[in-house]
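Trainee: Going line by line, the protein sequences match chains A and B.
To convert, note that position 115 of the first sequence is 535 in our numbering; the numbers rise steadily by one, no gaps.
To convert, note that position 24 of the second sequence is 615 in our numbering; the numbers rise steadily by one, no gaps.
No lab work stands behind these hints: they were computed from the structure.
Please note: incorrect hints may appear among the correct ones.
Said to hold, decoys possible - Now the in silico label distances, taken between C-beta atoms and shown as ranges:
1) B:Gln600 to A:Arg487: 28 to 38 Å
2) B:Ser601 to A:Leu431: 40 to 50 Å
3) B:Gly632 to A:Ser447: 18 to 28 Å
4) B:Gln672 to A:Leu503: 22 to 32 Å
As the list claims (entries may be wrong) - Distance condition first, Cα-Cα at most 25 Å in a straight line; then the derived PhoX-like pairs of lysine-lysine:
5) A:Lys477 to B:Lys692
6) B:Lys662 to B:Lys592
7) B:Lys608 to B:Lys702
8) B:Lys648 to B:Lys692
9) B:Lys592 to A:Lys477
10) B:Lys692 to B:Lys662
Claimed, not checked - Covered stretches of chain B, as calculated for chain A (at least 3 residues, CB under 8 Å):
11) 618-632
12) 659-667
For every residue, glycine included, the Cβ atom is placed at its ideal position computed from N, Cα and C.
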Amino acid sequence: KAGVTQTPRYLIKTRGQQVTLSCSPISGHRSVSWYQQTPGQGLQFLFEYFSETQRNKGNFPGRFSGRQFSNSRSEMNVSTLELGDSALYLCASSFEQPKTSGRGNIQYFGAGTRLSVL
Amino acid sequence: KNQVEQSPQSLIILEGKNCTLQCNYTVSPFSNLRWYKQDTGRGPVSLTIMTFSENTKSNGRYTATLDADTKQSSLHITASQLSDSASYICVVSGATSGTYKYIFGTGTRLKVLA
Chain A
421 KAGVTQTPRY LIKTRGQQVT LSCSPISGHR SVSWYQQTPG QGLQFLFEYF SETQRNKGNF
481 PGRFSGRQFS NSRSEMNVST LELGDSALYL CASSFEQPKT SGRGNIQYFG AGTRLSVL
Chain B
592 KNQVEQSPQS LIILEGKNCT LQCNYTVSPF SNLRWYKQDT GRGPVSLTIM TFSENTKSNG
652 RYTATLDADT KQSSLHITAS QLSDSASYIC VVSGATSGTY KYIFGTGTRL KVLA
């Protein structure tokens, strides 16, 4: 069974540009979450999708957006890139819909897309 | 303020030795606490998930403990192996009015030497 696939693995952009990252979840998984990881801030939650609907959102500006398609694949878009957006962007998938209590779902992470903004 | 603090920031041990990593949190309300292992260049891998009522959870040589009263968790690694060299991340989740939040610690970087 293939794991979570993120493309591209590496990306270099300049300030002001926009970027779209892609995530293909594990087959059968319907929930996809996105995270930003930087050396200074560590991992931070961006948003979570289930059945093409955004179910949860972290504290990021509106320049960060995402969507999920009917096949559960997800894309994340960052517009008007800033130097501080340089980070590893991780996608995780899980089988069940997001829970708001208890154990929650086991998430399986992809290897990430490393974005460098120059 | 919701925070998760991990200690130590980094740790070096010899192969075969045991070690314990700490995680203190102030996240409220609390739903669950997770420990992840992240190898360099890879995404995190889930080790354990514990809810409020669970105080110990094991996964092979990894044992996590949770004290919900003092808001502390630890991850104990027994008989360390070279492959345990990685970053270990503590994540606390909580839900308010149907909105879920994930608060991550900055991790402990473990290096196991032969």
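Trainee: Determine for every hint whether it applies to the structure shown.
Mentor: Hints and how they fare:
A hinted range of 28 to 38 Å for the beta carbons of Gln600 (chain B) and Arg487 (chain A) is consistent with their spacing of about 37 Å. For Ser601 (chain B) and Leu431 (chain A), the Cβ-Cβ distance of about 29 Å falls outside the hinted range of 40 to 50 Å, so the restraint is violated. At about 24 Å, the CB distance of Gly632 (chain B) to Ser447 (chain A) agrees with the hint of 18 to 28 Å. Checked against the given bound of 22 to 32 Å, the beta carbons of Gln672 (chain B) and Leu503 (chain A), roughly 39 Å apart, lie outside it.
The suggested pairing of Lys477 (chain A) with Lys692 (chain B) holds, with an alpha-carbon distance near 8 Å, which does not exceed 25 Å. Distance check on the hinted pair: Lys662 (chain B) and Lys592 (chain B) sit about 14 Å apart at the alpha-carbon level, within 25 Å; holds. Restraint check for Lys608 (chain B) and Lys702 (chain B): the C-alpha separation of about 12 Å stays at or below 25 Å, so the hint holds. Of the supplied pair hints, the one linking Lys648 (chain B) and Lys692 (chain B) holds, its CA atoms being roughly 22 Å apart against a limit of 25 Å.
Taken as a hint, the Lys592 (chain B) and Lys477 (chain A) pair is honoured in the structure, with Cα atoms around 18 Å apart against an allowance of 25 Å. A distance of roughly 17 Å separates the Cα atoms of Lys692 (chain B) and Lys662 (chain B); the hinted pair therefore holds under the 25 Å criterion. Note: the segment 618-632 of chain B has 4 residues with beta-carbon separation from chain A under 8 Å; the three-residue rule is met and the coverage holds. For the segment 659-667 of chain B, the stated coverage by chain A is not satisfied: 0 residues place a CB nearer than 8 Å to a CB of that chain, which falls below the threshold of 3.
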